[in-house]
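> Please model the complete structure; the sequences and the hints are all you need to start from.
Using the working numbering, you'd call the opening residue of the sequence shown number 50 and step up by one each time.
Wrong hints could be hidden among the right ones.
Stated by the list, open to error - Computed cross-link-like contacts, BS3-like style, restricted to lysine-lysine with a CA-CA straight-line distance of at most 25 Å:
#1 LYS333 x LYS451
#2 LYS325 x LYS451
#3 LYS154 x LYS333
#4 LYS284 x LYS210
#5 LYS210 x LYS223
#6 LYS542 x LYS325
Unchecked claim - Restraint-style ranges between C-beta atoms, simulated for each label pair:
#7 GLY389 x ARG195: 41 to 51 Å
#8 ASP419 x GLY120: 41 to 51 Å
#9 THR306 x ALA286: 13 to 23 Å
#10 ILE446 x PRO534: 32 to 42 Å
#11 ALA258 x ALA448: 48 to 58 Å
#12 PRO335 x GLU294: 51 to 61 Å
#13 GLY185 x THR306: 34 to 44 Å
#14 ARG195 x GLU298: 22 to 32 Å
Because the hints were derived from the structure by calculation, they are not lab data.
This structure is a prediction, so every number in the text was calculated from the model and none was measured.
Ideal placement from N, C-alpha and C gives every residue a C-beta, glycine not left out.
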Amino acid sequence: MNRWQTWLIAGLSSSLLACGAGNIGGEVDPEKGPVIPGGSCEQAQVGAPVLRRLTALELENSLRDIFPELGAAAWSGVRLGTDPTSELGFTNDAEALQVGAQTAKELLSTAEEVADVVTAEAALAASLPCAAAQPGPECAAEFVARHGLRLFRRPVSEEEKGELLALHTSVSGKSDFRVGLKWTLVSMIQSPHAFYRSEIGAPSDGRYALSQHEIATALAYNTTGTTPTPELLDKAARGELGSPEALVEEARALLGTPRGHEALSRFLQQWLSYGKVNGIAKEKLPDFSTVGALMQEETRLFLEEVIYTRGAGVTELLTAPYTFLDAQLSTFYGYGNVTGQGFQRVERPADRGIGLLAQGSILAGNSRMDGSSPTHRGLLVFERLLCGYIPPPPENIPAITKPDPGKTTTRARYEQIHISADGCNVCHAKFDPTGFALEHFDETGRYRADEGGLAIDDSGYIAVAGEERPVVGARGLAETLAATPEVTECVSKLGSTYTYGGALGAECAIGEVQQGLMSGEIGLLEFFARLAGTEHMRARVRRE
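See below:
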């Protein structure tokens with residue numbers, strides 16, 4: 050095992066302790082649940098110094114952007130296993146992304162594959178002409194400086210350059226110049242300076258001021274999920290990333306790029322889990338997998354319209370009277386009269402709900418195979434829109450009985466098993482009644498006027514701030530949630546937690562930006578852009 054692998058295995062846990070990291074998003078209070086930023090604070094706070102390991106996707110995006118040769122070689126991608134998911138459902142949590150022996154081996158394998166492609170004779174001649182014309186120490190130094198800047202996201206220090214060139218000399222002396230470059234690049238890719246994002250800074254006025262290159266790195270990964278562009282690194286080198294205004298301007302531009310769209314889409318997917326509808330089965334509809342894939346695309350287009358096209362906030366997200374359907378989904382839902390190819394924006398009929406919670410992906414994805422599920426639908430609202438926390442269920446909980454069409458409704462079964470039963474009602478009373486408001490939609494996400502001939506009672510409530518606020522039906526639920534400040538507060542907390550890779554001790558860093566979203570002054574896209582202007586993006590404090 051080489052020294053980089055040893056450092057990688059031990060590095061993250063020790064670095065978090067050495068930097069005095071405070072509460073991280075992966076931590077879970079047994080009573081209150083995972084730590085997330087936000088709350089009532091007298092003044093802005095910043096998080097602790099931290100080293101953040103790249104996710105598998107961040108590493109792959111970075112390598113593909115740094116080395117375009119990988120696309121031409123049909124590279125299959127990084128060898129890293131699936132990233133762990135935090136208690137909040139996010140795969141970029143700083144505490145969870147640790148490195149063990151297996152990850153170090155996978156990184157080495159990835160590095161070798163990439164280096165093989167980059168230093169192949171034809172590829173190297175095109176990207177580094179001196180390798181063919183006049184290979185020597187100066188050419189190796191050019192290779193190290195160029196790729197080191199992109200991989201380390203800062204200029205390579207003289208000490209690092211000396212070590213890497215010494216490695217090249219040692220290997221090439223036993224083989225040849227090109228093989229020496231290969232193993233030099235392997236060392237650089239698996240270096241902790243490449244695999245970890247440094248957000249440590251240097252002492253300054255009682256805090257740790259992040260360097261310009263650390264800020265550029267955080268800005269790039271937070272908004273695009275990949276390494277900084279050469280242009281952004283140039284701005285860091287010129288010291289142009291020091292003011293909140295400059296950072297917000299850069300974030301707006303980055304969020305508008307294809308990589309920015311992808312990064313924000315990943316948050317939306319992990320926040321709402323709407324992609325799980327793609328591939329699930331329904332007893333009454335054997336070919337539902339085809340419909341599920343279309344529902345996922347419907348929701349993606351809906352979110353794109355609300356967030357990017359309209360620049361809207363949480364209110365429109367919850368109450369928009371439109372969706373996007375193609376001909377097949379239009380026929381499936383029974384409205385819209387869409388014909389031809391592709392998806393079109395369609396206004397919803399009055400009885401088909403509004404906004405996010407009327408999306409087929411949300412309704413079908415949070416249902417059972419054989420029937421709707423007030424529990425799963427209510428939990429989505431309680432956990433993902435109200436930031437409520439439910440501890441793991443106890444053992445030996447009673448199972449929900451099978452549907453009995455024409456004899457009993459889903460609501461009656463759930464009330465009997467969950468709401469009336471001692472030991473279950475303590476938790477289920479917080480979210481099942483919210484799910485009852487969506488009972489006019491079956492397990493496939495389609496509207497139903499009744500349930501097997503039985504009348505549907507779609508009255509319920511949302512549990513928030515220690516009270517039960519009544520709602521009736523899907524529209525009533527959406528409008529009540531949109532008028533509930535705690536919903537926008539929750540969305541902003543989860544959005545900043547994802548952006549910052551866990552709370553990182555920055556519980557109060559987002560106050561001003563959060564208020565802008567809650568007041569309706571800014572929309573969701575601008576909210577994510579303005580997260581780049583918080584003090585947390587420029588400084589850190591030690592936690593004792």
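> Please name the hints from earlier in the document that this structure breaks, with their numbers sorted from lowest to highest.
Violated: hint 3 alone.
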